[in-house]
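Construct all of the structure, not just a fragment, from the sequences and the given hints.
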Amino acid sequence: MTQSHWIERSLFAVNSSTAERIGCGIITDCPKGNLGVDASTLPPVSTVVFFVVICLPFLELTNNLNSMSHDQSYIRNFSIIAHVDHGKSTIADRFIQVCGGLSEREMDKQVLDSMDIERERGITIKAQSVSLNYKASDGKAYQLNFIDTPGHVDFSYEVSRSLVACEGALLVVDAAQGVEAQSVANCYTAVEQGLEVLPVLNKIDLPSADPERVKEEIENVIGIEAADALEVSAKTGQGIAEVLDALVKSIPAPSGDPDAPLRALIVDSWFDNYLGVVSLIRVVDGSLSKGEKITMMSTGMSHQADRLGIFTPKRVDRTVLRAGEVGFVTASVKDIHGAPVGDTITATKSPAEEALPGFKEVQPRVFAGMFPTEAEDYPSLREALEKLQLNDSALKFEPEVSDALGFGFRCGFLGMLHMEIIQERLEREHDIDLVTTAPTVIYQIETIDGETILLDNPAKMPETNKIKAFREPLILANLLLPQDYVGPVIGLCEEKRGVQKDMQYLGNQVSIQYELPLSEVVLDFFDRLKSVSRGYASFDYEFLRFEEGKFSRLDILINTEKVDALSSIVHSDFARPRGRDLVERLKELIPRQMFDIAIQAATGSQILARSSIKALRKNVTAKCYGGDVSRKRKLLEKQKAGKKRMKQVGRVHVPQEAFLAVLKVDKS
Amino acid sequence: MSDPSTPLTPPPLSLYLHFPWCVRKCPYCDFNSHQRSGDLPQTEYVDALITDLELDLPHVWGRSIYSIFMGGGTPSLFSPEQMDRLLSAVRARIPIRPDAEITMEANPGTLEYAPMDEYRAAGINRLSIGVQTFDDALLSRIGRIHSSAEAASAVSRAQRGGFDRINIDLMYALPGQSLGQALYDVRMALDLGVEHLSHYQLTIEPNTLFHAKPPVLPGDDDAWTIQEQCQAKIQAAGLVQYEVSAYARPGQACQHNLNYWRFGDYLGIGAGAHGKITSGSSQQVIRTTRQKHPTAYLASAGTEKAVIERRALTQSDLRFEYMLNAMRMNEGFEIDHHQQATGLMLDQDQAPWPSLRADGLIEQQGLQIKPSARGRQYLNEITERFLD
Numbered sequence: 001m002t003q004s005h006w007i008e009r010s011l012f013a014v015n016s017s018t019a020e021r022i023g024c025g026i027i028t029d030c031p032k033g034n035l036g037v038d039a040s041t042l043p044p045v046s047t048v049v050f051f052v053v054i055c056l057p058f059l060e061l062t063n064n065l066n067s068m069s070h071d072q073s074y075i076r077n078f079s080i081i082a083h084v085d086h087g088k089s090t091i092a093d094r095f096i097q098v099c100g101g102l103s104e105r106e107m108d109k110q111v112l113d114s115m116d117i118e119r120e121r122g123i124t125i126k127a128q129s130v131s132l133n134y135k136a137s138d139g140k141a142y143q144l145n146f147i148d149t150p151g152h153v154d155f156s157y158e159v160s161r162s163l164v165a166c167e168g169a170l171l172v173v174d175a176a177q178g179v180e181a182q183s184v185a186n187c188y189t190a191v192e193q194g195l196e197v198l199p200v201l202n203k204i205d206l207p208s209a210d211p212e213r214v215k216e217e218i219e220n221v222i223g224i225e226a227a228d229a230l231e232v233s234a235k236t237g238q239g240i241a242e243v244l245d246a247l248v249k250s251i252p253a254p255s256g257d258p259d260a261p262l263r264a265l266i267v268d269s270w271f272d273n274y275l276g277v278v279s280l281i282r283v284v285d286g287s288l289s290k291g292e293k294i295t296m297m298s299t300g301m302s303h304q305a306d307r308l309g310i311f312t313p314k315r316v317d318r319t320v321l322r323a324g325e326v327g328f329v330t331a332s333v334k335d336i337h338g339a340p341v342g343d344t345i346t347a348t349k350s351p352a353e354e355a356l357p358g359f360k361e362v363q364p365r366v367f368a369g370m371f372p373t374e375a376e377d378y379p380s381l382r383e384a385l386e387k388l389q390l391n392d393s394a395l396k397f398e399p400e401v402s403d404a405l406g407f408g409f410r411c412g413f414l415g416m417l418h419m420e421i422i423q424e425r426l427e428r429e430h431d432i433d434l435v436t437t438a439p440t441v442i443y444q445i446e447t448i449d450g451e452t453i454l455l456d457n458p459a460k461m462p463e464t465n466k467i468k469a470f471r472e473p474l475i476l477a478n479l480l481l482p483q484d485y486v487g488p489v490i491g492l493c494e495e496k497r498g499v500q501k502d503m504q505y506l507g508n509q510v511s512i513q514y515e516l517p518l519s520e521v522v523l524d525f526f527d528r529l530k531s532v533s534r535g536y537a538s539f540d541y542e543f544l545r546f547e548e549g550k551f552s553r554l555d556i557l558i559n560t561e562k563v564d565a566l567s568s569i570v571h572s573d574f575a576r577p578r579g580r581d582l583v584e585r586l587k588e589l590i591p592r593q594m595f596d597i598a599i600q601a602a603t604g605s606q607i608l609a610r611s612s613i614k615a616l617r618k619n620v621t622a623k624c625y626g627g628d629v630s631r632k633r634k635l636l637e638k639q640k641a642g643k644k645r646m647k648q649v650g651r652v653h654v655p656q657e658a659f660l661a662v663l664k665v666d667k668s
Numbered sequence: 001m002s003d004p005s006t007p008l009t010p011p012p013l014s015l016y017l018h019f020p021w022c023v024r025k026c027p028y029c030d031f032n033s034h035q036r037s038g039d040l041p042q043t044e045y046v047d048a049l050i051t052d053l054e055l056d057l058p059h060v061w062g063r064s065i066y067s068i069f070m071g072g073g074t075p076s077l078f079s080p081e082q083m084d085r086l087l088s089a090v091r092a093r094i095p096i097r098p099d100a101e102i103t104m105e106a107n108p109g110t111l112e113y114a115p116m117d118e119y120r121a122a123g124i125n126r127l128s129i130g131v132q133t134f135d136d137a138l139l140s141r142i143g144r145i146h147s148s149a150e151a152a153s154a155v156s157r158a159q160r161g162g163f164d165r166i167n168i169d170l171m172y173a174l175p176g177q178s179l180g181q182a183l184y185d186v187r188m189a190l191d192l193g194v195e196h197l198s199h200y201q202l203t204i205e206p207n208t209l210f211h212a213k214p215p216v217l218p219g220d221d222d223a224w225t226i227q228e229q230c231q232a233k234i235q236a237a238g239l240v241q242y243e244v245s246a247y248a249r250p251g252q253a254c255q256h257n258l259n260y261w262r263f264g265d266y267l268g269i270g271a272g273a274h275g276k277i278t279s280g281s282s283q284q285v286i287r288t289t290r291q292k293h294p295t296a297y298l299a300s301a302g303t304e305k306a307v308i309e310r311r312a313l314t315q316s317d318l319r320f321e322y323m324l325n326a327m328r329m330n331e332g333f334e335i336d337h338h339q340q341a342t343g344l345m346l347d348q349d350q351a352p353w354p355s356l357r358a359d360g361l362i363e364q365q366g367l368q369i370k371p372s373a374r375g376r377q378y379l380n381e382i383t384e385r386f387l388d
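Protein chains in written order, with the numbering used here: chain H, 1 to 668; chain Y, 1 to 388.
Treat each hint with caution, since some may be false.
Unchecked claim - Below, in silico cross-link-like pairs of lysine to aspartate or glutamate (DMTMM-like), each with a Cα-Cα straight-line distance of 20 Å or less:
1. H/K643 - Y/D388
2. H/K634 - Y/E205
3. H/K638 - Y/E331
4. H/K614 - Y/E228
5. H/K623 - Y/D359
6. H/K293 - H/D317
7. H/K643 - Y/D359
8. H/K634 - Y/E309
9. H/K623 - Y/D30
10. H/K396 - H/E353
11. H/K623 - Y/E331
12. H/K496 - H/E548
13. H/K644 - Y/D388
14. H/K638 - Y/E309
15. H/K632 - Y/D222
16. Y/K292 - Y/E205
17. H/K614 - Y/D222
18. H/K632 - Y/E205
19. H/K640 - H/D433
20. H/K587 - Y/E309
21. H/K623 - Y/D220
22. H/K632 - Y/E228
23. H/K638 - Y/D388
24. H/K614 - Y/D317
Don't read these hints as lab results, they were simulated from the structure. Here the structure is a predicted model, which is why all the values come from computation and not from measurement.
What follows is the structure in structure tokens.
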């Protein structure tokens with residue numbers, strides 16, 4: 001999809017690779033897959049948590065962390081909120097350097113360069129945890145736990161999860177570019193959760209940096225005090241130590257009760273091939289000791305805490321984790337549902353009375369069918385989805401049968417990026433050729449029998465005469481853009497059936513709020529927004545409500561046969577133009593075959609648009625003599641393989657892209 | 001997969017002799033041909049062909065030659081004396097049937113001063129002339145060295161020199177060619193009174209200049225119209241289509257090519273030549289390939305080094321290759337013949353037969369199976385289904 005998505009994804013890679021390099025001397029025996037150095041654990045999986053502990057050649061220091069007498073007042077848990085490219089990872093590198101992790105030469109030559117390579121490759125890796133040991137200007141040593149947050153709107157729920165483990169956050173803003181919508185949203189989340197937010201202006205060394213304007217913008221757009229925002233250049237190292245000092249001063253120490261019964265929040269859980277389920281926890285009250293019996297408060301299941309420790313980034317075992325600390329625990333939990341994210345761990349012997357407030361369970365917003373091109377791949381697809389789900393609780397799936405595509409799964413995703421990542425992982429890592437149907441949002445239907453149905457599959461829509469009310473999900477979109485693009489962006493929102501709610505001029509930036517149907521956003525909103533604003537508009541959204549409207553199911557018939565996988569729910573006013581676009585698009589995508597192909601779009605029994613693909617006149621190899629038979633064979637094999645990648649609907653071979661054609665319509 | 005229940009019976013044996021040089025390499029040509037530089041080593045090359053042939057003789061012991069085809073490249077760059085020497089040497093080493101068809105490919109532009117009667121006297125009894133088109137502008141567009149007038153005169157000279165079996169190669173759907181131009185080519189060829197026409201659509205093959213720099217060709221629908229109308233015109237003149245691109249007066253079909261399409265055997269002698277030999281004793285069908293480059297071939301001919309591949313076909317190869325060839329002919333094939341030539345039973349209840357029938361791509365009369373008119377239109381559809 002959009003380029004920005006890929007940049008977003010590579011960001012994860014940058015962070016984790018940094019962590020990996022830092023630990024290069026001691027991480028070599030680290031089993032693949034545990035701390036996320038494994039490419040199979042991608043970002044949707046979780047919050048990216050960094051506890052930077054300087055470990056090279058500072059094993060001793062690690063031991064210090066281990067044995068240091070425990071005093072919560074010397075712990076600071078923080079995360080960094082930043083838009084892609086605003087310099088989060090470079091700042092993180094500088095922190096490591098200032099804390100003595102690597103020499104400047106090593107930083108430049110090894111860490112940063114190798115990061116660039118990772119960035120180019122766009123490898124996405126689940127980040128690993130790092131902790132920093134920092135001697136502040138007051139002469140005291142602090143344990144700084146740095147917790148990263150993903151930037152993409154699909155994963156905003158991950159952000160709130162990481163933030164729960166912190167007492168403060170740095171808001172990093174590019175001193176030239178100014179504030180972006182995603183940072184605004186994440187910053188609000190931090191403020192709502194009672195975190196101390198410290199604004200930091202990065203890239204202050206750029207000639208185009210305009211700190212005064214950006215400070216004003218932070219105050220105007222986000223509404224937090226920014227006059228004293230720290231000015232840094234992660235590139236030159238300017239101001240980095242000051243940030244660390246400010247962090248120690250302004251961010252409160254953890255405030256749990258070290259003597260109360262144990263309460264530890266599961267921030268994230270993932271499946272590790274060697275250890276089973278590993279949970280990242282934040283100890284709020286009390287302490288957790290190795291070998292102790294623990295209970296998951298939601299399920300009541302008890303386990304023994306086999307191993308616990310911290311990430312340095314190497315997994316360092318500890319015998320105890322105390323209030324205020326963040327670390328991992330493994331407890332022979334076989335599958336990830338046994339250690340649900342947001343659950344509270346307590347001690348079986350003296351349990352806490354009340355669980356910590358957990359997280360809202362994340363609801364998938366976008367649904368699509370995934371079908372193997374080869375029917376015999378169905379069991380492998382199920383297995384692959386199950387494996388992915390181990391590390392990605394947001395992924396939902398259930399079996400689906402399509403007349404056109406056979407057996408597959410209806411999958412629920414957080415958003416389009418999430419869907420693309422899953423799709424890519426299935427194809428790349430699990431080597432399954434897929435046909436993915438056009439994504440749809442969930443509709444709410446009230447039947448005349450008074451039943452409420454949540455419709456995640458157009459094919460399952462009840463008969464029109466059974467429907468009393470048809471509602472679609474609405475979102476509130478927050479857009480932030482330079483003044484010049486107000487016109488085109490408003491035009492786009494109106495075209496997408498949006499209703500303007502608010503517009504404010506904040507210095508050079510304009511903040512616009514629109515109520516938009518989620519279905520329109522799912523289609524191609526990101527791409528269109530990027531193109532009408534030349535990449536300057538940023539966007540964030542939250543779910544608002546279901547709203548009643550007139551909707552119909554737009555069916556596509558190929559040679560008079562309805563292709564269920566091509567059906568979509570559309571606003572009735574747009575059924576005809578959408579149908580026309582779709583038919584034309586399919587005409588382009590379906591190759592000519594031995595016979596004429598009629599393509600029709602219909603709602604109910606009413607045909608809205610039609611088109612046809614003329615039969616291929618011939619498909620013949622002109623010359624074939626005694627010569628190179630194997631060359632002719634290769635040619636035909638290629639032709640055949642091309643067909644194999646298509647799905648056969650009746651006698652018609654339909655290429656995979658056709659099933660996503662719904663996405664690409666009205667792009668003109 | 002069918003059981004190999006019938007013994008393989010060696011089919012008729014042909015001989016293919018390859019001449020890998022041309023005056024100029026054509027931009028559409030993917031055959032093994034090399035631009036001539038200086039004088040051709042005619043004597044050495046003919047010597048090489050003879051020793052190369054000797055290498056394969058043990059594999060065809062006791063069999064006689066049913067047809068010979070001298071292809072290229074441009075065999076007509078070789079003198080009648082060399083051709084005479086070559087054919088005499090072949091005759092001395094393996095029996096050639098008295099009625100054998102012996103064809104030489106010739107290109108206009110190399111035939112102006114060639115003594116046609118001498119080629120005829122050497123034993124060559126059929127000429128295949130690479131005219132391609134009678135339109136001078138198109139000729140130069142497809143990189144040919146001759147003119148339309150030279151082409152016509154080459155044909156007349158051959159006829160006067162005693163050749164009563166002449167084929168003209170024509171290509172259609174050439175870059176920028178109109179229907180009218182294509183029909184003109186057909187009329188010109190028919191007016192020259194030849195017995196055989198090969199009428200192919202120009203296809204862009206990999207590893208050709210046209211593949212690297214594709215010319216603008218008529219669209220599929222236009223190419224189809226050209227084919228339909230040219231076909232009608234050729235057939236109206238009494239030449240009958242017997243293969244995808246081949247038309248002949250009754251009794252004038254090219255026996256050598258028919259042997260390929262009937263899955264016959266052939267020795268492939270010369271640089272880059274391909275052969276196919278059925279061995280009754282080992283019950284195998286062997287494909288052979290010779291060194292492609294003339295220099296490498298000349299250096300190794302007569303030794304096993306000249307053979308870069310000698311490969312026994314698998315059952316799946318046999319099944320596919322038989323159909324790849326047999327379905328090209330309007331007459332199709334007889335089920336018994338399939339069994340003799342491949343050693344495999346043909347089970348019509350097995351894929352892809354039911355789907356071929358359902359899609360109307362084949363027709364059957366008794367034991368004869370042939371592509372339907374529709375099947376001939378979508379021949380690749382048919383053959384592709386025999387790939388596993």
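Here is what the structure says about each hint:
1. For the hint linking H/K643 to Y/D388, the alpha-carbon distance of about 14 Å falls within 20 Å, and the restraint holds.
2. Between H/K634 and Y/E205 the alpha-carbon distance is near 12 Å, which keeps this suggested pair within the 20 Å criterion.
3. Taking the CA atoms of H/K638 and Y/E331, the gap is near 28 Å; set against the 20 Å cutoff, the hint is violated.
4. Between H/K614 and Y/E228 the CA atoms are separated by roughly 17 Å; this keeps the pair inside 20 Å, and the hint holds.
5. With a CA separation close to 24 Å, the supplied pair H/K623 and Y/D359 exceeds the 20 Å bound.
6. Between H/K293 and H/D317 the CA atoms are separated by roughly 17 Å; this keeps the pair inside 20 Å, and the hint holds.
7. Between H/K643 and Y/D359 the CA atoms are separated by roughly 17 Å; this keeps the pair inside 20 Å, and the hint holds.
8. With a CA separation close to 17 Å, the supplied pair H/K634 and Y/E309 stays within the 20 Å bound.
9. The suggested pairing of H/K623 with Y/D30 holds, with an alpha-carbon distance near 11 Å, which does not exceed 20 Å.
10. Proximity of H/K396 to H/E353 is assessed by CA-CA distance (about 32 Å); at most 20 Å being required, the pair is judged violated.
11. For the hint linking H/K623 to Y/E331, the alpha-carbon distance of about 17 Å falls within 20 Å, and the restraint holds.
12. About 16 Å separates the Cα atoms of H/K496 and H/E548, which keeps this hinted pair within 20 Å; it holds.
13. Taken as a hint, the H/K644 and Y/D388 pair is honoured in the structure, with Cα atoms around 12 Å apart against an allowance of 20 Å.
14. Taking the CA atoms of H/K638 and Y/E309, the gap is about 23 Å. The hint is violated against a cut of 20 Å.
15. Restraint check: the Cα-Cα separation between H/K632 and Y/D222 comes to about 24 Å, which exceeds 20 Å; the hinted pair is violated.
16. Between the alpha carbons of Y/K292 and Y/E205 the distance comes to roughly 18 Å, so the proposed pair stays at or under 20 Å and holds.
17. Taking the CA atoms of H/K614 and Y/D222, the gap is about 14 Å. The hint holds against a cut of 20 Å.
18. Restraint check: the Cα-Cα separation between H/K632 and Y/E205 comes to about 11 Å, which is no more than 20 Å; the hinted pair holds.
19. For a cut-off of 20 Å, the pair hint linking H/K640 to H/D433 stands: about 16 Å separates their Cα positions.
20. A C-alpha spacing of about 46 Å is found between H/K587 and Y/E309, which places the hinted pair above 20 Å, so the restraint is violated.
21. In summary, the hint linking H/K623 to Y/D220 is supported, as the alpha carbons are separated by about 17 Å, within the 20 Å threshold.
22. A threshold of 20 Å between alpha carbons decides the hint, and for H/K632 with Y/E228 the separation of about 24 Å lies outside it, so the pair is violated.
23. Distance hint between H/K638 and Y/D388 is fulfilled; the C-alpha atoms sit about 12 Å from each other, no more than 20 Å.
24. Distance hint between H/K614 and Y/D317 is unfulfilled; the C-alpha atoms sit about 34 Å from each other, more than 20 Å.
In this structure, the earlier hints numbered 3, 5, 10, 14, 15, 20, 22 and 24 are contradicted, and the remaining ones agree with it.
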